[in-house]
Amino acid sequence: MKMNGAKIFVESLKKEGVDTIFGYPGGVVLYIYDELYHSDIKHILVRHEQGAAHMADGYARVTGKVGVALVTSGPGATNTVTGLATAYMDSIPIVVFTGQVPTNLVGNDAFQEADIVGITRSCTKHNFLIKNVKDIAKTIKEAFYIARTGRPGPVVVDIPKDVTMDSTEFSYPDDIELPGYKPTYEGHTNQIKRSIDMILASKKPVIYSGGGIISSGASKELFAFAELLKAPVTNTLMGLGGFPGEHPLFLGMLGMHGTYAANMAVTHTDMLVAIGARFDDRVTGDISEFAPEAKIVHIDIDPTSISKNVEVDIPIVGNAKSILAEMNKLLKQDKRLKGFVRESEDWKTLINQWKESHPLTYKETGKLKPQFVIERIYELTKGNAIITTEVGQNQMWTAQFYKFSKPRTFVTSGGLGTMGYGFPAAIGAKVAMPEATVIDIAGDGSIQMNIQELATAVQYKVNVVVAILNNNYLGMVRQWQSLFYGKRYSHTDMSHKPDFVKLADAYGAKGYAVEKKNDVLPVLKEALKSKLPVLIDFRVEEEEDVYPMVPSGASLKKMLLA
Amino acid sequence: MRHTISLTVENKFGVLARVAGLFSGRGYNIESLSVAETLDPAVSKMTIVTNGEDKIIEQIIKQLNKLINTIKVVDLTVTGHVEREMVLIKVSASGENRTEVLRLVDIFRGKIVDVSPDTFVIELTGDEEKIGAVLNLLKPLGVKDIVRTGKVAMQRSIQHNTVDNK
Ligand SMILES: Cc1ncc(C[n+]2csc(CCOP(=O)(O)OP(=O)(O)O)c2C)c(N)n1
Ligand SMILES: [Mg+2]
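Those protein sequence lines, which keep their order, are chains A and B.
Numbering of the first sequence is given in the working numbering, commencing with residue 1 and proceeding in unit increments.
Numbering of the second sequence is given in the working numbering, commencing with residue 1 and proceeding in unit increments.
None of these hints come from the bench; they were simulated from the model.
What you are looking at is a predicted structure, and each value in this text was computed from that prediction instead of being measured.
Beta carbons are placed, not taken as given, at the ideal position from N, Cα and C, and that holds for glycine.
Treat the hints with care, since some could be wrong.
[Stated by the list, open to error] Some, not all, of what chain A presents toward chain B, calculated at C-beta under 7 Å:
1. ARG121
2. SER122
3. HIS126
4. PRO179
5. GLY180
6. TYR181
7. PRO303
8. THR304
Using the sequences provided together with the hints, build the complete structure.
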């Protein structure tokens, strides 16, 4: 049947199983919006296109499905760039459709023209400009395929207005023609065998796992792997939730604000098994002193991640889930396993001493502590909520004090560190999973970066809870100024800001302010039952710092402790 | 170390920008880059000359492979290959210089492709060494301008054959 491009667009999305679009209209996407008028695809009208990209991202992180955003050309498109870069750094599958000026005007500096394909080339996994209505279906198929396969990532599809108006026969292709794109999934058998030999010959093993566990759905396999080896596990920020946070083998997060035990363990290990993690500088600190005594096995789906920062002994390129399953199978039959577990007992005793001597903690003063608030959120939700964060101290305390136990329950901008991410991501998550409890643990600075989405949340009754750890500062930056810049708090004072309770009220949401410890639990309980989105202004200790802290570029063993 | 990389890509909109952007975005050097269609018009071949430590070259090759439009990447430096470059050289040629220039062109099997009363434009093909040698000989005579194509390179069919008729 002949259809115009806009209709083909919508039909193609249906073929991809898209149920929700986060979008914002404008001149060049009017044909598409006209189609959406009749369509049963749910469209969430955001208040800023950055919000749309982050919502699609939040949707993708909690479901594992591809998140979708739709925006107009020029400013609509450029407003999504931060969202794309955020998704790119964290390998999150989203497809952002941008309208473009008509093909005959492309390159003319036409009204609301931006070269979005050029602009987003380095912050997308791939991008497309569709020049002919005949290419819409095929391109959409490729875009979704590229976004979700291999190492996932964001894809931009730029569609000129005339292409959405032109007509052609619609048929959705069955096959993909991408001669240059063939991700490796199966690990090399020999490498897997060699890595088992290497692991079983070690005495002080550590498993260091990241976001790859979450994106490949490998948490069960990781659990079995750790249990077989009885090996301690540390997670990157992106990896949290991939291993149960309360498990005795769990060390907590490693890196700049990692636990003492995790950082000591990777410093002294003789066998580091890195899985779906990329040796980011926030994780390794001084790279020359990272795991200096260790042999390293590195499992990753992306060959460019391997030996990029750290030389490894055995690289295994492929999907973490299938590789771990294979390793577990081999381990179960291996006669050396018992002896290995026995031999590594002393190591675990040492690790437990580190855990006991330097647990995550904070000093009680008279004031409300941000960590206390997070502990109460954990207590109340029993680790069953979806938690998003903003960026800064709020994010690090959440990573430390909320004991994530399930994959896809922690949603945070790790690689890019995007303030303003957590709130729209929470909305995206809650739209995807309306039954889930979704809480954005926010900072007073960050929440102001995408606060406009409160209108979106109210409009669509997306009842997320925003717990603002209001310290009147751009706290994390203030912490650096306090430690490394002689306490000169240059432009980090955030005390000028709206009254969050009134603000919530103005948007038609519900606001609370909490100053006393005793009010934390009751207000949280009320918030979780609310029939409206909720902002809670937790007035916390202003100059609280996040510890432990490894100063930027220092060795992991040089932790500053509380 | 210097590496010559042969890159086979889908001949699609923006591919050159993706490759160039990869080098500039990650701070890798491009010494030269040449690109054109292959026998199959849907496929292009690029020859890229770059330099860097082994670790950087390894990353460059992996990153090139990671581009969706990349079909194949070969580091020719580690395989038997032939490389050629073409250069156009505008050289002063008046009086007795003229015969000296002609003599050199002849020796190096170049061609005169443009003539004026006091200049020649020489077309010369060869590997880097040869082009360097000719330029050195011509410079004292007065080289006014040069344009180089950048290297093109091809893997040898038989890898142990090292005969290279320059
Ligand atoms: C968009 C953006 N701009 C700037 C920064 C740099 N930055 C990192 S943390 C931070 C402070 C965040 O303040 P707030 O949201 O109040 O969180 P807190 O650290 O106080 O918990 C800043 C400015 C950033 N990460 N993102
Ligand atoms: Mg703050």
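For each hint, the structure was consulted:
no.: 1; hint: ARG121; result: holds (5 Å)
no.: 2; hint: SER122; result: holds (5 Å)
no.: 3; hint: HIS126; result: holds (4 Å)
no.: 4; hint: PRO179; result: holds (5 Å)
no.: 5; hint: GLY180; result: holds (4 Å)
no.: 6; hint: TYR181; result: holds (5 Å)
no.: 7; hint: PRO303; result: holds (5 Å)
no.: 8; hint: THR304; result: holds (4 Å)
In summary, this structure violates none of the numbered hints.
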